[in-house]
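Peer 1: Sequence:
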Amino acid sequence: MRMTTKFMCLALILLASFGLNAQEQDTTKTDKKKKKDLPLEAARTFDFDLTEGSWISLDVSPDGKTIVFDFLGDLYTIPISGGDAVKLTEGMQFDSQPRFSPDGSKVIFISDESGGENVWTVELESKETKQITKGNANAYQSPEWVPDGKYMIASKQARGSHKIWLYHVDGGSGTALVDEPSSLRMLEGAFGQDERYVWFSRRNGSWTYNAPMPQYQIGKYDRVTGEILTQTSRYGSAFRPTPSSDGKWLVYGTRHDDQTGLILRDLATGDESWLAYPIQHDDQESRASRDVLPGFSWTPDNQHIVISYGGKIHKINVNTKAAEEIPFRVNSSIELGPLLEFDYPISDDEEFVVTQIRDIAPSPNGKQMVFTALNEVYIMDLPNGEPKKLVDLEETQAEPVWSPNGEWIAFVTWEADGGKLYKIRPNGRNLTQLNQEPGVYQNPVWNNEGTKIVAIKGQPEDFRSALQRTAFRGTSDLVWIDANGSGNNFITFTNGRSNPHFVKGSDRIYLSGFRGLTSIRWDGTDEQNHLEVRGKSSAGGGSGARASFYEMAPEGDQALVGVVNDLFVVTVPQVSDEAPSISVANPDRAAFPAKQLTDIGGQFPAWAWDASQIHWAIGNAHVVYNFQDAKDFAAAKAAAKDEEKAEGEEKTDEPKDYEPVESRIEVKAKRDTPKGTILLKNARLLTMKNNEVLENTDILIENSRIVKIGKNLEAGRKATVMDMTGKTILPGFVDTHSHFRHPVNLHRGEFWPYLTNLAFGVTATRDPQTATTDVLTYGDLVIAGKLIGPRIYSTGPGIFSSENVSSQEHARKVMKRYSAYYDTKTIKMYGAGNRQQRQWIIQAAKEQQIMPTTEGGLDFKANLTQMIDGYPGQEHSFPIFPLYKDVIDMVAFSKSAYTPTLLVAYGGPWTENYYYATERPHDDPKLNHFMPHWNLDSRSRRRNAGWFMEEEYVFVEQSSIANDILKAGGRVGVGSHGQLQGLGYHWELWAVQSGGMTEYDALRSATILGAEAIGLDTDLGSLEVGKLADILILNSNPLDNIKNSKDISHVMFNGRLYEANTLNEVYPEQKTLPKLWWQDAVPKNVPGVKK
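Positions -22 to -1, 1 to 1069 (mature numbering (1 follows the signal peptide of the UniProt record, and there is no 0)) are the ones given, in order, by the sequence shown.
It is possible that part of the hints are untrue.
[Claimed, not checked] Capping the alpha-carbon separation at 20 Å, the derived lysine to aspartate or glutamate pairs in EDC-like fashion look like this:
| id | residue 1 | residue 2 |
| --- | --- | --- |
| 1 | Lys619 | Asp535 |
| 2 | Lys609 | Asp620 |
| 3 | Lys226 | Glu250 |
| 4 | Lys764 | Asp200 |
| 5 | Lys863 | Glu328 |
| 6 | Lys1053 | Asp359 |
| 7 | Lys398 | Glu728 |
| 8 | Lys108 | Asp62 |
| 9 | Lys299 | Asp249 |
| 10 | Lys945 | Glu354 |
| 11 | Lys1062 | Glu928 |
| 12 | Lys794 | Glu897 |
| 13 | Lys1062 | Glu897 |
| 14 | Lys659 | Glu415 |
| 15 | Lys653 | Glu250 |
| 16 | Lys128 | Asp200 |
| 17 | Lys609 | Asp535 |
| 18 | Lys945 | Glu928 |
| 19 | Lys345 | Glu302 |
| 20 | Lys112 | Asp81 |
| 21 | Lys653 | Asp915 |
| 22 | Lys634 | Asp650 |
| 23 | Lys430 | Glu415 |
| 24 | Lys482 | Asp635 |
| 25 | Lys573 | Glu625 |
| 26 | Lys293 | Asp635 |
| 27 | Lys1021 | Glu897 |
| 28 | Lys653 | Glu328 |
| 29 | Lys430 | Asp440 |
| 30 | Lys299 | Glu329 |
| 31 | Lys1005 | Asp650 |
| 32 | Lys482 | Asp535 |
| 33 | Lys430 | Asp395 |
[Unchecked claim] Quick list of the computed label-pair ranges, beta carbon to beta carbon:
| id | residue 1 | residue 2 | range |
| --- | --- | --- | --- |
| 34 | Pro551 | Ala20 | 30 to 38 Å |
| 35 | Asp566 | Ala895 | 27 to 35 Å |
| 36 | Asn674 | Gln411 | 55 to 63 Å |
In case anyone wonders, no lab produced these hints; they're calculated from the structure.
All C-beta atoms, glycine included, are put in the ideal place defined by N, C-alpha and C.
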């Protein structure tokens, strides 16, 4: 065991801080200047010469001679008759939704050039741009001029849903036409003959999954009275109202059956007729971030509509209904961010260092610490001792806590029969079970006298059968148990409260909960509220996220709180019955003294018993914040600054702040690697190298790797030989978007989602957004062979807008959480703010060799900008379709791996509903063997999403996009989204193939391309010598029918061979998988009505 300690003496830190040279100072000034806009430097150029485009918004000039339109984030113009496009704007910013000013001299549009979305204008003659709206925390769309040319409108989302705002061309902050209700969404504002009225599209909220119809209707806002009148009531919705300037006509979009068309309404009579059908499929089933339908325009004579659909631009005569194409050509380029491609080799070392320590607890004298690693309790001397396992138990161990006198350590355990509460001496002796009643015990804590242990207790059945991450479906109890053992003594129901603890001189029980920090008596009465803490909002101000963790200091005058990912200490004043609410958005300006302890995150925080320090863990690091050291550092820093000032040499750069002491705790475990040689003979091999198929071929595996592939291979006498005649062998499947929803805090032994996925041939997974860090321990358990399952990779918890990334340096610190501590190799950038913030994050990822993926988020505009910025992964499907060569070729060029997760497809009903209706997963023998029956029932017997006609599903159209990207040289992955563990992966694979992809290409997406997407293709994804032996043996050939993918005979994982239907190991050992506890949880051999 080796421990490295990072600690710099105060003098050296101050010297380095104040001794910055002039060049470094100049760089800082430059960074501050760049901070105002988009910081990412272009690294690649995508050149194109195209005559078609996707989701083109356009407008016709007032003189009828020119069309302006958006194309891959830039604005272009062409003559009304068509021709070569002339670029109007360019750069890495994304410009869209152009509209001509009434005099034709300017164009209004939406751009993120300032770092966030705003309304801008550009002069056609000079091409000078002007920012109209300010701030980078809002979302804008649907810009339009008021006919007088003095004002403009746009839909703005600040809080609640988008509302239409009115702005003056010369500036000002503008005003909302409507404030309430908050849920009212107003898009696509437009004017007709009378500028008193604003026509717009309206709905409640932003979007709905598995949406029923209608979603939108057209409203008309009276700028004099403030009244809103609904103008339509169509089943297929109504959107993009476009009135003619003479007051005669209204054109709008709607659905007929499953396709979108244009309706022409005579405003005098109300008569309606179809103007065009079908046109561009609308975006009413997602966020519609560039409106529900692309912008189109009347010609000045009000005789024609000019609109884009089918990738082209058309002019439609409203009288004759005749359409003609306006040809265009865009010969241009756009700039892209850097290409992020890193390899992450999988080690064969016999030992590995455990990724995560959990549940740290310093001893009362501060000389020792207990913690858990791989679900076992360890103890070590501080600061540099060697961790030693405290007890040998087969049960999951968690949450060790010290008695006040330091003579005992209590901890909880779990196994299939139930949980226990133990105590043990620090030397590992005198293990004693304290609970006399079965239960699930969590959050144990000793009272001040050391005579009782308070804990949260739930029912084992609730814990075993929980469908979600949390332990209990119903409520749990707060109980106490005698320190020498006793029955449970009920205190109260927890009602969402947790983390019971005590302070000196008080017999009250303190708790952390949604209401903040509270305390109660031992009989559960007299609940008092002591504190509520909030962090920053996503816009950077106060009233943001609530603290998720509270623990009062031992002295009772301060509290340790967790907000989002970071830790804070706040002063707790004694006031009236109403708890004070303290914002730590800016700790220096908090209502009472507050201090931020972390800026990269921290878990499992704990006070030192004398309140002089706070300990926490992050990954396998142990961190100690010493308050006196921090105070001394601040005093020395201030003194040094005063001295600099007195000598007239004051520096403009602030020195570094105090840094807590960090130590790496290296708990080593043996890597589970089989020993032996096996020869699989006479198989059909689908190697996933190009389109290679090898008939009657052998594959030789030694230990965990492939050593030979060829015909008529020979092996040593001790080798196991298996005849594979008639079988098809291919690499194990890679699920690039899995979700396991692991039980948190207290881990539940054998994990059925892992077993189910492995049995269905999934041998490697990447979970993009795990919500908690428990996955780090689960992944290590698989590596150590303590759990059977696929390879577990993940992004860890996602990076959300609540992270409030404030600078490039802050982004580096956030990224360090994943690169230096979690070792995830990837992150999920989950809508982490505006474009500037997202660019900071991608730059930090490049520097630290992390391959991020992104949340699709039903936002086509964000999808495109993320790929332009160089993000190497896109999770979820694009919400609009079809897509044309502009987007297809750009996605392929970007090398961003596209994992469409069609089971939860955007833009239509979820594909899983189709398979639940057409397959019978409830009766699948393998699912019934590995999956708890009530969980299978909850998914497959009655579906809340409803019933949909087959043509309403969009997965065939969506999969054709994936196929086009693949054919253009891009990457496509297969991700099941954890919708139905195991079998759901095959549904996703079939759906990905359904849009015209060849069976082999679909299997490539499921194997080698998926491995490439997560940086593992040097070891996984294809049948090649030297690669790891993650192999599937199929009874049927999936090239004949993709649905043969689930006809699996055997699964080999890391060189171990299992029967697919049972996961009984057949090589190198013969082991029967122990019976799983849920397999007896069905009614058998009990009285009942005879059928």
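Peer 1: For every hint, state whether the structure bears it out.
Peer 2: How the hints compare with the structure:
1. Simply put, Lys619 and Asp535 have alpha-carbon atoms about 31 Å apart, too far for the 20 Å limit, and the pair is violated.
2. Note on Lys609 and Asp620: the hinted pairing holds, with a Cα-Cα distance of about 17 Å set against a maximum of 20 Å.
3. For a cut-off of 20 Å, the pair hint linking Lys226 to Glu250 stands: about 12 Å separates their Cα positions.
4. Note on Lys764 and Asp200: the hinted pairing is violated, with a Cα-Cα distance of about 68 Å set against a maximum of 20 Å.
5. A threshold of 20 Å between alpha carbons decides the hint, and for Lys863 with Glu328 the separation of about 49 Å lies outside it, so the pair is violated.
6. With a C-alpha separation of about 40 Å, the suggested pairing of Lys1053 with Asp359 is violated against the 20 Å cut-off.
7. Between Lys398 and Glu728 the alpha-carbon distance is near 18 Å, which keeps this suggested pair within the 20 Å criterion.
8. Proximity of Lys108 to Asp62 is assessed by CA-CA distance (about 26 Å); at most 20 Å being required, the pair is judged violated.
9. Taking the CA atoms of Lys299 and Asp249, the gap is about 16 Å. The hint holds against a cut of 20 Å.
10. Only pairs whose Cα atoms come within 20 Å are accepted, and Lys945 paired with Glu354 is rejected, the gap being roughly 49 Å.
11. Our distance criterion of 20 Å between C-alpha atoms is broken by Lys1062 and Glu928, whose separation comes to about 38 Å.
12. In summary, the hint linking Lys794 to Glu897 is not supported, as the alpha carbons are separated by about 45 Å, beyond the 20 Å threshold.
13. Restraint check for Lys1062 and Glu897: the C-alpha separation of about 26 Å exceeds 20 Å, so the hint is violated.
14. Simply put, Lys659 and Glu415 have alpha-carbon atoms about 55 Å apart, too far for the 20 Å limit, and the pair is violated.
15. In summary, the hint linking Lys653 to Glu250 is not supported, as the alpha carbons are separated by about 76 Å, beyond the 20 Å threshold.
16. In summary, the hint linking Lys128 to Asp200 is supported, as the alpha carbons are separated by about 18 Å, within the 20 Å threshold.
17. Taken as a hint, the Lys609 and Asp535 pair is honoured in the structure, with Cα atoms around 18 Å apart against an allowance of 20 Å.
18. With a CA separation close to 27 Å, the supplied pair Lys945 and Glu928 exceeds the 20 Å bound.
19. For the suggested pair Lys345 and Glu302, the alpha carbons sit about 83 Å apart, so the restraint of at most 20 Å is broken.
20. Restraint check for Lys112 and Asp81: the C-alpha separation of about 25 Å exceeds 20 Å, so the hint is violated.
21. With a C-alpha separation of about 40 Å, the suggested pair Lys653 and Asp915 falls outside the 20 Å cut-off, and the hint is violated.
22. Between Lys634 and Asp650, the direct Cα distance comes to roughly 44 Å. Violation of the 20 Å bound is thereby established for this hinted pair.
23. With a C-alpha separation of about 16 Å, the suggested pair Lys430 and Glu415 falls inside the 20 Å cut-off, and the hint holds.
24. Between Lys482 and Asp635, the direct Cα distance comes to roughly 31 Å. Violation of the 20 Å bound is thereby established for this hinted pair.
25. With a CA separation close to 31 Å, the supplied pair Lys573 and Glu625 exceeds the 20 Å bound.
26. Straight-line distance between C-alpha atoms of Lys293 and Asp635 comes to about 64 Å, which puts the hinted pair past the 20 Å bound.
27. Between Lys1021 and Glu897 the CA atoms are separated by roughly 12 Å; this keeps the pair inside 20 Å, and the hint holds.
28. Using a Cα cut-off of 20 Å, the hinted pair Lys653 and Glu328 holds, with the two alpha carbons roughly 12 Å apart.
29. For the hint pairing Lys430 with Asp440, the CA-to-CA distance comes to about 26 Å; that exceeds 20 Å, so the pair is violated.
30. At most 20 Å may separate the alpha-carbon atoms for a hinted pair to count; Lys299 and Glu329 exceed this at roughly 74 Å.
31. Proposed proximity of Lys1005 and Asp650 is supported: the alpha carbons are some 17 Å apart, at most 20 Å.
32. Between Lys482 and Asp535 the CA atoms are separated by roughly 10 Å; this keeps the pair inside 20 Å, and the hint holds.
33. Note on Lys430 and Asp395: the hinted pairing is violated, with a Cα-Cα distance of about 25 Å set against a maximum of 20 Å.
34. As the Cβ distance of Pro551 to Ala20 is approximately 52 Å, the hint placing it in 30 to 38 Å is violated.
35. Separated by about 58 Å at the C-beta atoms, Asp566 and Ala895 break the suggested range of 27 to 35 Å.
36. The hint said 55 to 63 Å for the Cβ distance between Asn674 and Gln411, and at roughly 60 Å that hint holds.
Violated hints, listed in ascending order, are 1, 4, 5, 6, 8, 10, 11, 12, 13, 14, 15, 18, 19, 20, 21, 22, 24, 25, 26, 29, 30, 33, 34, 35; each of the other numbered hints is respected by the structure.
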